[in-house]
Amino acid sequence: GAVVSQHPSWVICKSGTSVKIECRSLDFQATTMFWYRQFPKQSLMLMATSNEGSKATYEQGVEKDKFLINHASLTLSTLTVTSAHPEDSSFYICSARGGQGSYGYTFGSGTRLTVV
Amino acid sequence: AQSVTQLGSHVSVSEGALVLLRCNYSSSVPPYLFWYVQYPNQGLQLLLKYTSAATLVKGINGFEAEFKKSETSFHLTKPSAHMSDAAEYFCAVSEEGNNRLAFGKGNQVVVIP
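Listed in order, the protein sequences are those of chains A and B. For the first sequence, counting from 1, position 52 maps to 52 in this note's numbering; every step adds exactly one. For the second sequence, counting from 1, position 66 maps to 1066 in this note's numbering; every step adds exactly one.
Only chain B is shown next, with the shape it has when bound in the complex:
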């Protein structure tokens, strides 16, 4: 079964600094990979997704992620953090023919002024 690993539940980053959230996946077939953001008491908003097209995926709010098959990774980055980026971020994986999304444990991002 597919799964993802997100290390470091809390990530602190200074305003204007690089945001890097790591995600490693496990899948028996080529995966579909997603990054979602969640603000308090809200649902999940899709930041970006990888569906076997370009390996470098650009999303909303200046985020991007690169699919690296050799490293089974799909790390999320943003060059310059804003205060509004403070939120919970989830990496998720699904597979062709399998409707289910498997979520990582999430990263709580804190932006320090």
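Okay, chain A solo, but in the shape it has when bound:
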């Protein structure tokens, strides 16, 4: 079945530094990938949609300059949290969707970011 690998699983960083999270589709080509943020005991909040080779589409209220998304290939999307602050601490999850006719969304295992 479709597998999405997300790394790292957890990361602790100092305020002001940047952190990169990778999301890879291992056995299929993902034309579209999604990045979500999840607060404790809450649902997933869509941050942005990235399409291979084009700029990401950000949801309202999500800072483009803080959350940089790159989808340079059909199997890799990255989310970089720039100049991280404690309020950016959260659980970040990516998901990928395949090509035409695929109704599936496969999720990564998530990244727990703690900014100290």
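Don't take each hint at face value.
Said to hold, decoys possible - Below, computed lysine-lysine pairings styled on DSS-like, alpha-carbon distance capped at 27 Å: (1) K1049(B) x K41(A); (2) K66(A) x K1049(B); (3) K64(A) x K20(A); (4) K64(A) x K1105(B).
Said to hold, decoys possible - Examples of chain A residues toward chain B, derived with CB under 7 Å: (5) T32; (6) S43; (7) L44; (8) I93; (9) Y105; (10) F107; (11) G108; (12) S109; (13) G110.
What the hints assert, rightly or not - A short, non-exhaustive set of chain A residues, derived as facing chain B with CB atoms under 10 Å: (14) S9; (15) I12; (16) K14; (17) F34; (18) Q38; (19) K41; (20) Q42; (21) M45; (22) N51; (23) S89; (24) S90; (25) F91; (26) S95.
If you are wondering where the hints come from, they were derived from the structure by calculation, not from laboratory data. Think of the CB as a built atom: it goes at the ideal place given N, C-alpha and C, for glycine as much as any other residue.
Using the hints, position chain B against chain A.
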């Protein structure tokens, strides 16, 4: 825009009893519907999905859901709860031509021995 409603954030069920999680959707076109399960500090695992084929959908771990257009519902059931079913469950909807998944608020299922 499509949306889903899940009522009752916490659901307690006795081991061996029926699990019933309710999901109602709103969509302007025929929807695609999904149920996901999430264990602590993990991503989402697909339980089952409805994509306009059979209205009764069977998924993994003994779960199933029935699509009822007249009621705009896609409730999730399992005849007999196991301790391992304790987790967070999310209903989600998407539409043809729209890549986005809209999630419900989730149900935290607690299984009582």
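Legend entry - Structure versus earlier hints, numbers of those that do not hold, lowest first: Going through the list in order, the structure violates hints 2, 15, 16, 23 and 24 and respects the others.
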